[in-house]
Amino acid sequence: MNINSIKRRTLLGAGLAGASMLAMPAVLRAQDKSLKVGVYGGYFKDSFDKNIFPEFTKATGIAVESIAEPTGEAWLVQLEQAARAGQAPADVSMMSQVAMLKGQATELWTPIDMAKIKDASNLLDRFVNKYPDGRVAGVGAVSWYITLVTNTNVYKEAPTSWTALWDPANADKLGLLALVSNSFLLEVTAKTHMGGTNALDTEEGILKAFEKLAEVKPNVRLWYRDEAQFEQALKSGEIPMGQYYHDVTGLAAADGHPVRSTFPKEGGIQDSGCWALSRASQKAEEAHIFIEYMCQPAIQATLSRKVGTAPTVKRESTDLTDKEFAAVSSDIEPIVPRYDLYQSKSDWLNQKWTELIVG
Amino acid sequence: MRREPPQTFADYSPLLFPAAMLTIFFVVPFGTMIAVSFFQRQQGGFYTPAFVFDNYARFLSAFFGGVLGFSMMMAIAVAICCVLLALPFTYLLTRMARRVQIVWLVALLSILSLSEVIIGFAWSTLFSRTAGITNILVALGLMSEAKALTPSFAAVLTGMVYQAFPYTVLVLFPALVRLDPTLTEAARTLGASPLKAFFTVVVPALRNTIVATLIMVFIFALGSYLLPQLLGRPQHWTLSVLITDQAIYQSNMPFAAAMAVFLVLVTLGLVALTVIAGRKGEAA
Numbered sequence: 001m002n003i004n005s006i007k008r009r010t011l012l013g014a015g016l017a018g019a020s021m022l023a024m025p026a027v028l029r030a031q032d033k034s035l036k037v038g039v040y041g042g043y044f045k046d047s048f049d050k051n052i053f054p055e056f057t058k059a060t061g062i063a064v065e066s067i068a069e070p071t072g073e074a075w076l077v078q079l080e081q082a083a084r085a086g087q088a089p090a091d092v093s094m095m096s097q098v099a100m101l102k103g104q105a106t107e108l109w110t111p112i113d114m115a116k117i118k119d120a121s122n123l124l125d126r127f128v129n130k131y132p133d134g135r136v137a138g139v140g141a142v143s144w145y146i147t148l149v150t151n152t153n154v155y156k157e158a159p160t161s162w163t164a165l166w167d168p169a170n171a172d173k174l175g176l177l178a179l180v181s182n183s184f185l186l187e188v189t190a191k192t193h194m195g196g197t198n199a200l201d202t203e204e205g206i207l208k209a210f211e212k213l214a215e216v217k218p219n220v221r222l223w224y225r226d227e228a229q230f231e232q233a234l235k236s237g238e239i240p241m242g243q244y245y246h247d248v249t250g251l252a253a254a255d256g257h258p259v260r261s262t263f264p265k266e267g268g269i270q271d272s273g274c275w276a277l278s279r280a281s282q283k284a285e286e287a288h289i290f291i292e293y294m295c296q297p298a299i300q301a302t303l304s305r306k307v308g309t310a311p312t313v314k315r316e317s318t319d320l321t322d323k324e325f326a327a328v329s330s331d332i333e334p335i336v337p338r339y340d341l342y343q344s345k346s347d348w349l350n351q352k353w354t355e356l357i358v359g
Numbered sequence: 001m002r003r004e005p006p007q008t009f010a011d012y013s014p015l016l017f018p019a020a021m022l023t024i025f026f027v028v029p030f031g032t033m034i035a036v037s038f039f040q041r042q043q044g045g046f047y048t049p050a051f052v053f054d055n056y057a058r059f060l061s062a063f064f065g066g067v068l069g070f071s072m073m074m075a076i077a078v079a080i081c082c083v084l085l086a087l088p089f090t091y092l093l094t095r096m097a098r099r100v101q102i103v104w105l106v107a108l109l110s111i112l113s114l115s116e117v118i119i120g121f122a123w124s125t126l127f128s129r130t131a132g133i134t135n136i137l138v139a140l141g142l143m144s145e146a147k148a149l150t151p152s153f154a155a156v157l158t159g160m161v162y163q164a165f166p167y168t169v170l171v172l173f174p175a176l177v178r179l180d181p182t183l184t185e186a187a188r189t190l191g192a193s194p195l196k197a198f199f200t201v202v203v204p205a206l207r208n209t210i211v212a213t214l215i216m217v218f219i220f221a222l223g224s225y226l227l228p229q230l231l232g233r234p235q236h237w238t239l240s241v242l243i244t245d246q247a248i249y250q251s252n253m254p255f256a257a258a259m260a261v262f263l264v265l266v267t268l269g270l271v272a273l274t275v276i277a278g279r280k281g282e283a284a
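Just so you know, the sequences run in chain order F and W.
Counting in UniProt numbering, the first sequence runs from 1 upward without gaps.
Counting in UniProt numbering, the second sequence runs from 1 upward without gaps.
Keep in mind that the hints were calculated from the coordinates and are not lab data.
As the structure is a prediction and not an experimental result, all values here were calculated from the model.
Treat the hints with care, since some could be wrong.
Below, simulated DMTMM-like cross-link-like pairs (lysine to aspartate or glutamate); rule was C-alpha separation at most 25 Å, straight line [to be verified]:
hint: 1; chain 1: F; residue 1: K235; chain 2: W; residue 2: E185
hint: 2; chain 1: W; residue 1: K147; chain 2: F; residue 2: E204
hint: 3; chain 1: F; residue 1: K235; chain 2: W; residue 2: D11
hint: 4; chain 1: F; residue 1: K352; chain 2: F; residue 2: E204
Heads up, incomplete: computed chain F residues facing chain W, CB under 10 Å, no partners named [unchecked claim]:
hint: 5; residue: I67
hint: 6; residue: E73
hint: 7; residue: Q78
hint: 8; residue: Q81
hint: 9; residue: A82
hint: 10; residue: T106
hint: 11; residue: D172
hint: 12; residue: A178
hint: 13; residue: K212
hint: 14; residue: E215
hint: 15; residue: V216
hint: 16; residue: N219
hint: 17; residue: K345
hint: 18; residue: D347
hint: 19; residue: N350
hint: 20; residue: T354
Here are a few chain W residues that face chain F, going by a calculated C-beta distance under 10 Å [said to hold, decoys possible]:
hint: 21; residue: A50
hint: 22; residue: F53
hint: 23; residue: F63
hint: 24; residue: V67
hint: 25; residue: A131
hint: 26; residue: D180
hint: 27; residue: T182
hint: 28; residue: F220
hint: 29; residue: G223
hint: 30; residue: Q235
hint: 31; residue: W237
hint: 32; residue: Q246
hint: 33; residue: Y249
Cβ coordinates follow ideal geometry from the N, Cα and C atoms, glycine included.
Modelling step: build the complete structure from the supplied sequences, incorporating the hints.
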């Protein structure tokens, strides 16, 4: 009994010592400057953790705690709910354009002071996200393409056009994104079959696009919300064709998986992520330093080489070779999503879309 | 030992803690949800406090009616399959040696530790064309070529029955253990076959337990939102999937809340009907 209790106490003591040793670096770090940065989880976050954040900390002395954020607008909802309670699960987050616009509607983003961003002039205008009154809500972080991807074992020849989605030969072979606001398939339909995304200006035009898109349904095996679900199936050839992110597909191909990403002749879908600062964050100063660092042409070039994203700064300002640039982008005019629709008509689009795929 | 009914306030005091927990963790969140379901949706933004019926009005359509109907049907199918499988299984289990029972129960409990995601991905692999069970059938010469069994209704049903099966067994187990073995012995002495004794004696004796189990599995299955996405086509998505879509991806909390309230009300209604029907049956 006695021996037993001594043992237990020793064990407790050892445990406490161990725990405090583990906790110590965190305490030390808390005295330094730090910043919580949200980036998409998975391959994306891994390469930021490996290639970008340690260098940033070395250069500025600001420790980065990276937070894996979910894709789509799920993270926006969490940030919004948290901000209402005065909390910021991440100070700076990488947000897609639809999420940026929705966050603007509730003043979720702290305006960025462009005077504090040294390399601001290098940024391409279309990647700077502004409030209607001109304040800057977000600054371009990276841009990426959603392209036509195939399994190379199943498709020996790469497809050349988005029309492959409609081809009856591809019955039950496609994996497509499940939401209207992240698949951008309406834009793809308009560009491929209706002469351009201007066809979506009117509700009649949108309904026509829905009608045309409905013809794709028999070809779709999986409507995915979760990227891992499709990525796995694409690699194994279970679902050999679909729409997916050009950068991640490139990383998977580099790892030796039998996958390829093709820019169709109608263009890849170009979307981009902005760095945005939650209004609940107390770290505005560190956030500006972080954003300034990320806008440097050299860092943008590193992102292109390591993560596979396209730069948001002018290409001339970077030292990317033609070959490196071609790997992350394309000369084909991209399909640019109609972000305005997802703000002004979001509920209507969502309803029609759900009826289309579920009905 | 005779139990006295509680007399004074102090006699009720042990109830205070659970009552407080229930209030904090169930009544308050549920009340918040009901309140939010009447709020005004700001399209492209979030929501503002108000008292409007728009969210309920949007739900009352043939489309959502169809989805609700499918979700109910699916949950009922899962409940029936689970009980049909678990009742004979648990009955046989209670007749086994203590040691064997423990092994089975531990194995079943370990299934409960698996998350829905793992169950979903495991079944989607088992049902896949490239790595699934049809490859074994091909190797045995029973099938000419491997094919994908997912996405399909059968795949969703299998996944959900698999997930709910351990609960079903754990709920049925105590009642079956307590079942008086002399009942079946009497039936056997009077000349009934084991099968006949099971259906004419065991099943009727457990009628209330079986109904309670059906209701429990039904409610459990109604909340499933991952398995229909992982194993089914969009037409197999349950209302819970659409609620998740609205809440997480469309940031439309008021509509999501309204759908959830509706689902809870319909569920409670169905449960009440079952209980009332059960009472009537007893009286007759």
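Verify the interface restraint on F/A82: the C-beta must sit less than 10 Å from at least one C-beta of chain W. Interface hint status for F/A82: violated (12 Å vs cutoff 10 Å).
Would you settle whether the hint for F/A178 is holds or violated, based on the nearest Cβ-Cβ distance to chain W being less than 10 Å? The hint holds - F/A178 has a Cβ within 10 Å of chain W, the shortest such distance being about 8 Å.
Tell me if W/T182 is really an interface residue toward chain F, meaning its C-beta lies closer than 10 Å to one of theirs. At about 47 Å, which exceeds the 10 Å cut-off, the nearest Cβ of chain F leaves the hint on W/T182 violated.
Proposed interface contact between F/E215 and chain W, which counts if any beta carbon pair is under 10 Å: violated (16 Å)
Hint status (Cβ of F/V216 to nearest Cβ of chain W, threshold 10 Å): violated (12 Å)
Evaluation of the interface hint that places W/W237 against chain F, nearest CB under 10 Å: holds (6 Å)
Against chain F, with CB atoms and a cut of 10 Å, does the hint on W/F63 hold up? holds (6 Å)
With a cut-off of 10 Å on the beta carbons, see whether W/V67 makes it to chain F. Result: holds, 7 Å to nearest chain F Cβ.
Quick check on W/D180 please, does its C-beta sit within 10 Å of some C-beta on chain F? W/D180 check fails; min Cβ-Cβ to chain F is 44 Å, beyond 10 Å.
Can the hint on F/I67 be confirmed by a CB-to-CB distance to chain W that is less than 10 Å? Cβ of F/I67 sits 17 Å from chain W, so the hint is violated.
Next item in the hint list is F/Q81. Is there a CB on chain W closer than 10 Å to its CB? holds (9 Å)
Do the numbers back the hint for W/G223, that is, is its least Cβ distance to chain F under 10 Å? Violated: closest Cβ of chain F sits about 18 Å from W/G223, beyond 10 Å.
In this structure, the hints that do not hold are numbers 1, 2, 3, 5, 9, 13, 14, 15, 16, 21, 22, 26, 27, 28 and 29, in rising order.
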